[in-house]
Amino acid sequence: MASEKKDGYRKNFSLILTFIILMSVLFLLSLVLAYRFSTKYIENEFVSEKVNVLEQSIQPYNDFFQKKLPEVSFYNGYLDSATAAAFVDTVLLEYPFVSKVVFYDSEVSNTPVSDGLNTGKFSFGPKNIYQFGSLVPLDSVRLFSRDNTSSFIVGDDFNTLALKLVSFIESLDTTQVPGQDALFSNFSNVRSNKITYLNIPRFEDLKVYKEMLRKQLQPNPVYQQDMMSFQLDPYKIKIINTQPLLYQYVKIAPLTYDPLDTTAVYLSTEINLPGPFSDYKLYFISSKSFIEREIFSYFLPIALAILFFYGILVLVAVLIYRNLNINQKMFKLQYDFVNNLTHEFKTPVSVIKIAGNNIKSASSLTDRELKLYGKILDEEADKLNGLMNKLLAFTQIENKAIELNRDKIRIIDFLESTVETHRLKHPDFDFTYEVSGFTTFVTDPVLLGSLFDNLAENAYKYSPPERKQLHITAKLAKGKVVFRFTDKGIGIPASEINNIFKKFFRIQNQYNQNGSVGLGLAFCKELVNFMDGEITVKSKVNKGSEFKIVLPYNDY
Amino acid sequence: MIGLKKYFFLILVVFAFACQRQKEPRTIPVEDFFKSQSRVGYRISPDGKNLSYLKLEGKNRNIYVEDIETGKGKSITHLEGMNIVFYFWVSSNELIYYKEIDAATNQSDIFIVDKEGKNERALVSNEKSRLRVIEDQLIDDKYLMVSSNRRDSTVFDVYRLNVRDGGMEMIAKNPGNIVDWRTDSEGKLRLATSSDGVNSTFLYRASESQPFKPMLTSDFKDTFRPIAFSHSQPNIIYAISNINRDKAALVEVDCNTGKELKNLFCNDTLNITDAQYSTKKRKMSFVVYETWKKEKYFLDDSVKQVYEDLDKLLPKTETRIFDMDEAENVFLLRTFTDKNPGSYYLYFVNTGKLRKLGDFNASIKEDEMSEMKPVSYHSRDGLLIHGYLTLPLHEKAENLPVVVLPHDGPVSRTLWGYNPEVQLLANRGYAVFQINYRGSSGYGKNFVAAGFKQWGDKIQDDIDDGVKWLVKRKIADPKRIGIYGIGFGGYIALNGLYLSPSTYACAVSNSGVINLFTYLKSIPPYQKPNLQMYYELIGNPLTDIDKLRKTSPLFQTDKINAPILLVQNSKDPINNQGEVTQFVKNLKKRNVSITYLEDDGDMYAGKNQPLRHQFYKTLDEFLEFNLKRK
Chain L
1 MASEKKDGYR
11 KNFSLILTFI
21 ILMSVLFLLS
31 LVLAYRFSTK
41 YIENEFVSEK
51 VNVLEQSIQP
61 YNDFFQKKLP
71 EVSFYNGYLD
81 SATAAAFVDT
91 VLLEYPFVSK
101 VVFYDSEVSN
111 TPVSDGLNTG
121 KFSFGPKNIY
131 QFGSLVPLDS
141 VRLFSRDNTS
151 SFIVGDDFNT
161 LALKLVSFIE
171 SLDTTQVPGQ
181 DALFSNFSNV
191 RSNKITYLNI
201 PRFEDLKVYK
211 EMLRKQLQPN
221 PVYQQDMMSF
231 QLDPYKIKII
241 NTQPLLYQYV
251 KIAPLTYDPL
261 DTTAVYLSTE
271 INLPGPFSDY
281 KLYFISSKSF
291 IEREIFSYFL
301 PIALAILFFY
311 GILVLVAVLI
321 YRNLNINQKM
331 FKLQYDFVNN
341 LTHEFKTPVS
351 VIKIAGNNIK
361 SASSLTDREL
371 KLYGKILDEE
381 ADKLNGLMNK
391 LLAFTQIENK
401 AIELNRDKIR
411 IIDFLESTVE
421 THRLKHPDFD
431 FTYEVSGFTT
441 FVTDPVLLGS
451 LFDNLAENAY
461 KYSPPERKQL
471 HITAKLAKGK
481 VVFRFTDKGI
491 GIPASEINNI
501 FKKFFRIQNQ
511 YNQNGSVGLG
521 LAFCKELVNF
531 MDGEITVKSK
541 VNKGSEFKIV
551 LPYNDY
Chain C
1001 MIGLKKYFFL
1011 ILVVFAFACQ
1021 RQKEPRTIPV
1031 EDFFKSQSRV
1041 GYRISPDGKN
1051 LSYLKLEGKN
1061 RNIYVEDIET
1071 GKGKSITHLE
1081 GMNIVFYFWV
1091 SSNELIYYKE
1101 IDAATNQSDI
1111 FIVDKEGKNE
1121 RALVSNEKSR
1131 LRVIEDQLID
1141 DKYLMVSSNR
1151 RDSTVFDVYR
1161 LNVRDGGMEM
1171 IAKNPGNIVD
1181 WRTDSEGKLR
1191 LATSSDGVNS
1201 TFLYRASESQ
1211 PFKPMLTSDF
1221 KDTFRPIAFS
1231 HSQPNIIYAI
1241 SNINRDKAAL
1251 VEVDCNTGKE
1261 LKNLFCNDTL
1271 NITDAQYSTK
1281 KRKMSFVVYE
1291 TWKKEKYFLD
1301 DSVKQVYEDL
1311 DKLLPKTETR
1321 IFDMDEAENV
1331 FLLRTFTDKN
1341 PGSYYLYFVN
1351 TGKLRKLGDF
1361 NASIKEDEMS
1371 EMKPVSYHSR
1381 DGLLIHGYLT
1391 LPLHEKAENL
1401 PVVVLPHDGP
1411 VSRTLWGYNP
1421 EVQLLANRGY
1431 AVFQINYRGS
1441 SGYGKNFVAA
1451 GFKQWGDKIQ
1461 DDIDDGVKWL
1471 VKRKIADPKR
1481 IGIYGIGFGG
1491 YIALNGLYLS
1501 PSTYACAVSN
1511 SGVINLFTYL
1521 KSIPPYQKPN
1531 LQMYYELIGN
1541 PLTDIDKLRK
1551 TSPLFQTDKI
1561 NAPILLVQNS
1571 KDPINNQGEV
1581 TQFVKNLKKR
1591 NVSITYLEDD
1601 GDMYAGKNQP
1611 LRHQFYKTLD
1621 EFLEFNLKRK
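Chains L and C, in that order, are what the protein sequence lines are.
With the first letter of the first sequence counted as 1, position 352 gets the number 352 in my numbering; the numbers rise by one all the way through.
Here my numbering = 1-based position in the second sequence + 1000.
There's no promise every hint is true.
As the list claims (entries may be wrong) - So the derived label-pair ranges between C-beta atoms look like this:
{"#": "1", "chain 1": "L", "residue 1": "ALA86", "chain 2": "C", "residue 2": "PRO1175", "range": "45 to 53 Å"}
{"#": "2", "chain 1": "L", "residue 1": "PRO219", "chain 2": "C", "residue 2": "ASP1381", "range": "35 to 43 Å"}
{"#": "3", "chain 1": "L", "residue 1": "SER134", "chain 2": "C", "residue 2": "SER1500", "range": "30 to 38 Å"}
{"#": "4", "chain 1": "C", "residue 1": "SER1036", "chain 2": "L", "residue 2": "THR242", "range": "56 to 64 Å"}
Think of the hints as simulated: they come from the structure by calculation, not from any bench.
The beta carbon of each residue, even a glycine, is placed where N, CA and C say it ideally should be.
Isolated chain C, as found in the complex (with noise of 0.2 Å):
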């Protein structure tokens, strides 16, 4: 009886042992974070018989073509290392490949070659000048319409491009300052955008043969961007736009007058930001709006159909379906939540059946992640701040190291959804407060425009009042506050240690701004315009040098205590490499702790995943160094 007393009690502390163990979540190796796909690129041939893929193999990337009924697969192209860059469907039996020859000015040859592997020919080799793509199906089985520099490096013209003899028959002549040519549903080319950096003027033709004539013109602080124009109705496109909104919302705008006809989804609350037409069914199918995520509004019931099964197959996930046949038969989708990285997934309609074609990365296992909360504050003049909050997990949400994560930017925004990098900082033990500050898009025009002449202002202001907020709620360790950005975010971090320099323990900069004179230098003088734009965005450095000066963290080194990790691309133009180098002696020579990567490649490209280890690794070194020691 004692004997087996003893064992009860020998089970029961093995018991307690091994849920000890559960609450103490693993180290997540930093490789698993980031581990790039061995498949990447997946489409769909516009027939729906065919899907394809880059897939790696060894060091060789390659393009695969899969039977989706057999499922069997080949390698159509044999190319050595990680070219190929980019690749679609020109029909139902081709696809055109871009090979890289020059990551630095974005040069490459192009190819045409069939799903069988065979009948490869070059259509651009060894030029200068860049081509891009304007309608990617083939027109009469020989023709693809694409914009070519090739007649003056600095404008785009619109050609023909004949890809079974290569031959290029320029169709439309860029006056100087178009940046964008759109075609109809009819592949006929009836829209381009203008621009002089700041304003944009959008041009229409009722038809080819007619000559292109301004409709309407937005400027910076406004978004109009065209969908797709109306099958039924030649002369009406249907559009998001802010003009004379805060909010986006999708119109209908007559091209002949510029003017909106009514609106189709319009709300004073929510932000537009995608809208998606469908060619087969000739309408709108739904509009996306972001909140504290992506959400859609559905304007085809039928479309809504498809979504809501798709839900019932995939519950609680949120899905994008990023390709699709001619028939909008055959999707290809990926799905997604805060804490899974997913998987893609080929789904078809008719049969309501779904096909998983792989996880994005497999390493990452879904109990081991942490849950990304939104959150909001009032910034100190009142203004509503959202933001997100990941929490480490099985940890109080008291008194914790804080890792703050300003989004790049200055227009964009931090989403909700998987991201590696805030679940590695979040699997270290850091709680990680992503702030979409003024200037962040995604809340409308005003928010945006709150942003302007605020760098290292209100902006500083609204990150610091997010501290001060979760330091009042007790969450975070005032004394363990780390902050890290990468371009903006990264400005932001080095500002933050000498406009409020009690509040971080240290600052991560990966290619932040450092001089705002150098970043306003880098548009050319002649860009008057764009030269005004940046006025009216950072400051006039003629009237403004002062604000500019303090701003700047070039300028500020003898206000810099905290020890600093800088990292940056040595090739980047908006930093003056002697400039980074200066910063970094003057902080040496003041004995502030300053680590700084030089690196010689974006790391964020798929080529350079030892770079990318090699940073998070000295990250993770240089935070557990700087938040965790204390």
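For reference, chain L alone in the conformation it holds in the complex (with noise of 0.2 Å):
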């Protein structure tokens, strides 16, 4: 029998370790795997976030170039210094990198001019040329007109663009209109710090300019065009660091720019500047330790989300321990019932055998004899019931199969008659009670008896026979009727207490070897739960114990 035990539930304690090992192996090495994830994440981000960086800097820019030049354009060549200075004026502040604008206010015509560009017989120059800028003097905004030639020399930038007109007009199909691209790519020139665009104009102009290269058109036409060429400066860029954490130091360098100093403590990448800029580039910069504390910022989430994980796995594991060694328990426990039980049906079923053998095998039976071997098998017959009683009344109680029936009861009657039938019972048993504070008491009568019945059974088993006492006192307080049962028998050790209500439970002593079943305390408690009440212990080993019942109180 205890080989099977043993086959049944084996802890096995090397199976736990090696589950345990293996779960710290894999936290550690999931531990590891996200910091090196992370590291390279960073690092990646360091390489790739630049361009979030250059996009949100060049935003201005981009603006700029697609939005405020064209309004140029929306002027068709009328601007004049005034509108244009106003022009200019909402550019600069707008737009801090542009320093400086310089404003031809030009004329294509048939008549050849003198500064500008004559091209067989068009002619494109400026009547008057104005600079605008924070920086520029009062006294020389206007630095070129035509009474007053001589202090400024049509420049390189109004040349190229003229020239890029000119080859533009010569090339133009005039059966289809030309896209927008085309139009903007001719006539703007983006060079380096500079921006010189040319007002774009319909066209049925730009037909008639084509026409006017070859022939002299008659009366004179005077197209007006206007230029207007913006320098930059590339440093007034405002950057805009979108990622602070990742980027210690963002700043605008030369093309060329590249500093020896940068040892292995530093991180550091670049991107080229567009358009006009594209001679110089955002040069990004961290130290290590600022990317490894970004490093770390992002590794830290992964490494609580593991730790969590790892942490629920534990408690799975922990719960599903304790779950099975309460079911081994809950085995020993029934295993025992089973074999208590068998030996509490055999006692009396081998009494019965040997009265019947007896009876069988012998010749004759005396008066006497019939009477002891009838009150033996009537005797047995009446325990066995009993057992088989005690064992239904519980299923019943416990699956609540049975009603409560409310009697009126006195209670000194009530326990005079259990003490009466104890004492017949068990002549050495001491056993006495006083009431206070009540005479009647409504309850099932049956089911009190059998709670009395049980403890004082329990009270005369455990106590030693040179002191089989008990004592009840039943009082009603704060409207609830009371019962304590004190007796001096061997007590409940305090480590059992908490157990001593389940089902099956026995403590393990000489006073129980044959003849318990573990039952009396659950069944008893089963009944004063049925009742509505509570039953508790209090105890101190080979000093005795007293249970105390509360019961709820009715009087009618």
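Using the hints, build the complex out of the two chains.
So, in structure tokens, the structure goes:
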């Protein structure tokens, strides 16, 4: 039997240990991998995020290029110095990277010009040139006029774009409207730190320009053209560091900038600026410790998540282990119960069998023998019956299959009869009682009797022969009936006190070697619960125990 | 008995439901409003015996000639597609038609054909020049007087075109600035109009052998429109003139002196816009003046009688006679009201009989259309502004969503009559508000001049004041007012969004001007007088640069916040396509809801019906989303 037990419930510590070790290894491994991943990720971010910084920082320039620059065209050549000044003011205010604007108020005509461009019969030259900017002194706003050509030579900016215009017109296909992109690229000139833009005339005007290249038109047409040259300062671009935790310093530097002191403690990357700023780049630099901080702050939540999952796994393992333990105990209790029950049934059955055998084998029986055997058979049958009733009642109560009767009882009469019954059974039982505060009480007398019998039996059973005493006090307190069963028995060890009301639980000792099922107190608890009451116990080993039952008091 | 009551109740319920149904007008499909007719371009032959029209069969449109007496007709051309843009009778037996070969440059081949469809020959084919007809009846059964720019593409000379052999003989050479030629009742070329784009000079000669001499000059603020030469006195012309007057009058002018001899019709409150001369009776028939609709004042009692007879046959409807035979016996006429697009009729004067030819649009049912009511209000500076209000059918004139519809122009006007666009919007549940803002024609010279240099200024105020007037009368829901216009109307609509930002919930611009600089630039710089006129009309881009910028939608995208539906013809010379793209881009960057519809043709040309349907469907959805959701 013992070997069977071992086979059924083996606590395999090595298995659990292996599990825990493997789990921990996995935990550590995932932490290491997470850290490696974080490092790689942040290093990649450092390289790739610079595009975003560039995009954000260059956004005002794109805005200027796509939205503000075409506005020059909206005026269709009608810009004068005052309106141009107002226009430039808004540009300078909105786009700080524009440092100076030169405005060429120009004309296209068939009359040759001295300053400007003459190709065939086509002439394109400035009437007036103005410069605007925050640092331009008021007296040098006008750089050039037809009356006073000496102070300024029509510069490179004007001529480059004028040449571009002429070559565009020369190759213009007059049957097809040119696309917006072609127009834009032919009427603007983007160079290092400078954008020159000429207002785009309507297609009809372009066709006339083409005619003007070859022949003198009559009457001599004059078309207004506005050219603006924007000087740009790349260092005035406002850098928007979208990743301040990634990039410690961002600056604009010439394309050739490559400092030698970037030792191992620094991480750096760069990206070229577009368009007129293409001689410059955005230079990003961060110290390694700065990056490490970022890696750690990226790694931390991942680590916490891993830890959290690991914690849950461990918790689940603990819970499974506990459940297994409880199940094992339960199995043991049931096993013991079957053992005891068998034993319990065996005794009366074997007595009945012996009596039966004796009767069968005897040739004749005396009257006294007959009475003895009858008594034995009757008693043992009662015992069996009582045993079975107890089992049945317990199951019924546990399943709430019976109904509570409500009878009014006189408590003194009830206690008296209980005491009488037990004194008859056990003449050596010192059984006393006292009542205070009430005389009658409504309850189920059968259940209450059963409860008192059980507790009285226990008190008798678990007391040494010289101290078989039980004292019952019944009193009314705070609208409740309180019964106290005080004995001088062997007591219950403190470690077991929580278990005594459990089914099939027995304390192993000399008093219950046979004839105990471990149902008594569990049955009592079920009864009290069924009657809406409470049962508690206080006990000292070898001094005695006190069971306290509190029941609701009803008097009607 | 109870059962009977039940039935009675049921019947009552059904009846009530039916009534309910009637009150809820059905949503008429967009296509129904803009159906193109299968027969257009009705004409009568000069002898009054034949009726002709262009008939659409499948995808082809050809000329049909029908014998009026028997009603039998047949097609005399067999062309594929819809290329016949124009045709007319040159004699009782022959017709001339224009076959379009290039829509963009307005170039056509010209053919002559007899009424049986035989003897077809090309008069002009594959030429870069254009031909205009001055006198549409054959002279000596073979000559047609035409003007053509074959010598110089910029000017039109007058030719005698021999329709038999196609020969052209120049009879008057254009010195360079003649824009119009006119003949007298005998078909002699005796009046020419020269123009520098602003001032028109009328030149006269007593006979074709004499040179033209200037008679009088009018500037662009004046109207002087010759109607006909007097038959009895060859030196006298009838003309509509508002020179030295506010309201135009019908006057007799001595061509030798250019002086007015007498007023045939002149009134301090009525503005003449048209007049008709009868060649048969050799006298003026009537003048047309405009109040809230066109009305006639008869100068000839027999003509008055004809119209009165017609009114008895066709009561409560407007009639317009648009063609007649030489004997003035057979009339082609069209009827209409504000709720009915009307029908075509033949009217025989001597028998007093009327024959219906066909409906203009049979899908439109009069009882489903809404009434167009003339309204007027005072603008903030006290000027009386006229307009029209069309309310949705069966709806209380209270808290309605409104679509303001400023007309194109600005020198043009909204007139009473059937308008499919207005009826479509009214059917969708909007009150439609049409305003003849200052600068509109039809109300006299001063009213037109009041609109000069007021683009985006007082013209805009007139519109806004009209809206305020509607809101004050609780007809309009101030939160659900949209504005939609074509051309100049589209410009007004876009301006409304930033000049009075809280007034309009959305705007629709179809081919609206978005940049006044570009608009001014479209006039060639060497046309100085023309340029000067536009400077006076709109503003001088050099001195008024600030004002022009403030009233050009292109510069104001930062102030526009309401949803826009923008429709633009990519070949429209008035707008620069690049600027339109920029306008849309700038608005999109600011997350302003903009629906942009680009087309590459004139959606009002007969051929472009799918384009038109697409536009009106988009318009319908756009207004529904922006005006009805709230």
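Right, here's what the structure says about each hint:
1. With their beta carbons about 46 Å apart, ALA86 of chain L and PRO1175 of chain C fall inside the hinted range of 45 to 53 Å.
2. A hinted range of 35 to 43 Å holds for the C-beta pair PRO219 of chain L and ASP1381 of chain C, which are about 41 Å apart.
3. In this structure, SER134 of chain L and SER1500 of chain C meet the distance hint of 30 to 38 Å, their C-beta atoms being roughly 36 Å apart.
4. The hinted window of 56 to 64 Å between SER1036 of chain C and THR242 of chain L holds, with their beta carbons roughly 58 Å apart.
No hint from the list above goes unmet by this structure.
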